[in-house]
Amino acid sequence: MNFQSAINQLQTIKPNLHQEDFLLTWEKSEDDLKAILEIASILKTMREQNISPRVFDSGLAVSIFRDNSTRTRFSYASAANLLGLAVQDMDETKSQIAHGETVRETANMISFLSDFIGIRDDMYLGEGNKYMREVGAALDEGFAKKVLPSRPGIVNLQCDMDHPTQSMADLLHLKNHFGSLEALRGKKIVMSWAYSPSYGKPMSVPQGIIALMSRFGMNVELAYPEGYDLIPEIVELSQSNAIVSEGSFKISNSMEEAVKDADIVYPKSWAPFHIMQQRTELLKNRDTKGLQELEQDCLANNAKFKDWEYDEAKRKLTKNQDALYMHCLPADISGVSCKEGEVSSETFERYRIPTYQQAGYKPYIIAAMMFANKFEKPTEELANILEKNKNRIER
Amino acid sequence: MNFQSAINQLQTIKPNLHQEDFLLTWEKSEDDLKAILEIASILKTMREQNISPRVFDSGLAVSIFRDNSTRTRFSYASAANLLGLAVQDMDETKSQIAHGETVRETANMISFLSDFIGIRDDMYLGEGNKYMREVGAALDEGFAKKVLPSRPGIVNLQCDMDHPTQSMADLLHLKNHFGSLEALRGKKIVMSWAYSPSYGKPMSVPQGIIALMSRFGMNVELAYPEGYDLIPEIVELSQSNAIVSEGSFKISNSMEEAVKDADIVYPKSWAPFHIMQQRTELLKNRDTKGLQELEQDCLANNAKFKDWEYDEAKRKLTKNQDALYMHCLPADISGVSCKEGEVSSETFERYRIPTYQQAGYKPYIIAAMMFANKFEKPTEELANILEKNKNRIER
Amino acid sequence: MNFQSAINQLQTIKPNLHQEDFLLTWEKSEDDLKAILEIASILKTMREQNISPRVFDSGLAVSIFRDNSTRTRFSYASAANLLGLAVQDMDETKSQIAHGETVRETANMISFLSDFIGIRDDMYLGEGNKYMREVGAALDEGFAKKVLPSRPGIVNLQCDMDHPTQSMADLLHLKNHFGSLEALRGKKIVMSWAYSPSYGKPMSVPQGIIALMSRFGMNVELAYPEGYDLIPEIVELSQSNAIVSEGSFKISNSMEEAVKDADIVYPKSWAPFHIMQQRTELLKNRDTKGLQELEQDCLANNAKFKDWEYDEAKRKLTKNQDALYMHCLPADISGVSCKEGEVSSETFERYRIPTYQQAGYKPYIIAAMMFANKFEKPTEELANILEKNKNRIER
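Chains as they are written, first to last, in our numbering: chain E, 5 to 399; chain W, 5 to 399; chain S, 5 to 399.
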């Protein structure tokens, strides 16, 4: 990377990210998204060249994980650390949905000296994103009433609707793989349901992928067995996006058909919308028996679609028999992490290293979201860092 | 804040805080307390003005929490981070009281490169503060015998007797609310028991409040239903304090009577002294059945005093119908966090933001305690920081 | 310490530690070991003289603990913090042995911005060290395939075979106690089994001690009741080491005989090799009943050897009745931490402070391992730090 040309490139973009939370990609302008990609790339190259982009001398980055996570947790910690912030975990019980005064108060109590709050809350349909906005409103009030010296930014680390740090990392991977955002135009990406022996996987990854990739002129095909729908509004949104971006959007019910001539395939399991709706109701009512029954039904239904495995035969149907395989990891690999799963071991192994590279963008995407939130003129600040040229490791 | 005048003010005070633990406010001189308030205010203003008071290039601040905590944990983490220290948690089982060699050894093992140990140990009457002193003695020995390169300071983050980081934050809130410490003279503050559906809340907050506020010429009234006594020695101490400071100290058994003409009301539940004594014995004997029975008895007795709720009617009895409401949070708010609780939702809402501001002083109080412990001449060090004028966030 | 002479001393050593993991002391050359000792000493003195050896402006030090730990955890955190790294814990379930793709993937996912991975994995015979190498191979691949910007170094924080940060800290303690490595030549060190009422203590400490101390011309005597063997290969290795270093190595079956004329005694319990073999099989098969039976058998057998307690009578048999007592802590002290244990309270108390000092070297040994891994020319980098002379605490 030539830093000067990257910074010149960034200079031409007019994002509106300063002091804005990053909750859903579809609330962000194309310039916002491009700015995040550019900043992430610059930060990544700085790190590789031993230039330290530490802009905070102190400060906390709070993390709230209502669901287990290794990858996103490390990505968030890495991003915070790179910029100079210390991570402080806020333990939240998984089973409880906080509202009202509890949220308002807690949001302020953890924010007196905090710069960011990263939240993963993907368990309840209709709740995760709402919770983030409730936290945001509390922070707005706290800042307005001078309780807080500044308004911490919120980073959505996965909710019921979107997984923007994942989808943006995926987009940066595609941009680099194909050479540019422009090069993605007309490329066929298949977001396909795939069989998994586990249950209740969130819909936020496929939703995030179709809603984001449809904005860059790609031919997006969403494939799933009948009944495995995603949230209807997000599917509609993706359709509209495709029209605006002059790409296309299609839904089909066969992985085999879908992957034909695909440039990119993203086979991943999820639990269907109507199951998630029922599950959320049962969880709210703490109906343990109902939840167990739903799980059994759901697993039994999944089992009908074991042929929704991405394997060598299907790979051979793709463009040049070599579509880029993507996964947010960990994948359910047949014969490796489970008996039968989302992808055959041979096919996975073929693209294993690229999936690691895909994951490697996430820390920088998060750091870029923080950076763009904090600095009104991120380009100038990046130029400052380059000028200072401080070593990350003493040399 | 004018930094120069604040520093001049601090210059006139002769505290004896260097290399001293902060365990109980009543062991500290008036100058000690004033110095903490001044340093905390200066650090808070520095942070607000983007001046970084980071004085440690590395170092650990150990935390030992024998009880759950979000507010104090974040306050401690924020204070440590502001000064440049990394927090390292020491997991302690809640149910076990360590003594003797275990304490001596552990205290040294966690301190080789540590600058502070913050301890919350409020579960057992007669134990928490004692434990902190045992840790302190072990650190003294370790330093004397050259096991440790320096003697880490201990910060009491709540014990069975006092909660000095809370009461000092509360005092700073009062000082700022009324304009000066001098302005508190003659003000009536009511520390009142209040009904709560939960059980076993520690006495350290009310004890900390009466023991501290009685030193500044305030008219302190402690109100509780008959039988809900605090530790007698601390009540006697508060009485003596009031005589020395030319304020007053009174005990009464009616919230309604107590709040009349009050300038400040602090309605908060606690478990009575005699219950805490029994509970400690039962806990030591691991008498699960006895503990359950005690809890039932205690809750049943609490329930007789549901009218000890601070509400609009009571507020209207206070000075100008507008006494400053205080709480260490979270409050048991009737109809919000519980059916019937310490405060009505209407009254709480009226003072909600001030309670957040009150809480916001705690990180700086802790940072000030650390700062004053570490630097023999804190005034000079603060002046140094101002002169350097390093940005917390790059600008 | 005279820094210049220490650095000159280090200059004469030709270690091969740059970008090498530290997994087993017996894979390291004598120069490697000496370099670690020298660097650790220099870092310790820097810290004592308020010179900050912070060489990282940011970066993560990952910790993976499959077994509980306070001492090693704090040592690792202290070392990382001293050099400027933030610790990020990777939670691993204790009962599960990960292999293959899980290890490969996880190793990469936690390493995008990490400089070190510290691993404690001592539960399963034949597994802990193997796991570390599997992680290392995954990191090698990740770095080679440009997934990772650099290859994080691995520090063995205790495995089934060795506990190198412990044994190296112990060696530094001996070096300082007796004045030099040369002074250790001909000294008699007794690594003795001792009775403990607990079960399943790992063999890595005694193995680490005999394998390391036998390299410095010491007369090493390993004493244990019949049947309490260590891993045979490591015992053989120690025998060979003794021949090469012109020391001696002897096995005996009486603590009383062994400690005669000893300069150093290290009485510590462990579970025998054949028990650990059985335990590993039972653990792999999740045979809970078998594990309980094995524990009972093992404890019953231990109980036959309660006279294997190091006490005043045995101490009086040692050189000048004052052999240096060593322990990795916590010791099972008779009448203190258990009814009957590894050492009498009177004897332990006599050497209590030296055991604390012994432990105090570990953070610096770990920091030295990190330092030597990261810098091709550690001597030059240490000289740089001295020249900069940055204060750890502002003065």
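You may find that some hints are simply not true.
No copy is singled out in the list; a pair is fine if it fits within one copy or between any two copies.
Said to hold, decoys possible - When the alpha-carbon atoms are kept at most 30 Å apart in a straight line, the in silico DSS-like pairs for lysine-lysine are as follows:
hint : residue 1 : residue 2
1    : 179       : 308
2    : 392       : 134
3    : 288       : 149
4    : 18        : 264
5    : 308       : 323
6    : 381       : 392
7    : 320       : 149
8    : 394       : 149
9    : 18        : 323
10   : 293       : 343
11   : 149       : 323
12   : 392       : 320
13   : 394       : 254
14   : 179       : 150
What the hints contain is simulated information worked out from the structure, not anything from laboratory work.
The hints, checked one at a time:
1. 179 <-> 308: neither (36 Å within a copy, 68 Å between copies)
2. 392 <-> 134: Classified as neither; 41 Å inside a copy, 43 Å across copies.
3. 288 <-> 149: The answer is neither: 33 Å in one copy and 46 Å across copies each exceed 30 Å.
4. 18 <-> 264: neither (38 Å within a copy, 59 Å between copies)
5. 308 <-> 323: within (28 Å within a copy, 72 Å between copies)
6. 381 <-> 392: Intra 17 Å, inter 25 Å, cutoff 30 Å: intra and inter.
7. 320 <-> 149: Between copies only: 25 Å across chains, 61 Å inside a chain, cut-off 30 Å.
8. 394 <-> 149: between (38 Å within a copy, 27 Å between copies)
9. 18 <-> 323: neither (36 Å within a copy, 54 Å between copies)
10. 293 <-> 343: both (27 Å within a copy, 28 Å between copies)
11. 149 <-> 323: Classified as between: cross-chain Cα gap 24 Å, same-chain 57 Å, threshold 30 Å.
12. 392 <-> 320: So residue 392 and residue 320 fail the 30 Å test inside a copy (50 Å) and across (60 Å) alike.
13. 394 <-> 254: For residue 394 and residue 254, the Cα distance exceeds 30 Å both inside one copy (49 Å) and across copies (55 Å).
14. 179 <-> 150: between (42 Å within a copy, 17 Å between copies)
Checked against the numbered hints above, the structure breaks hints 1, 2, 3, 4, 9, 12 and 13 and satisfies the rest.
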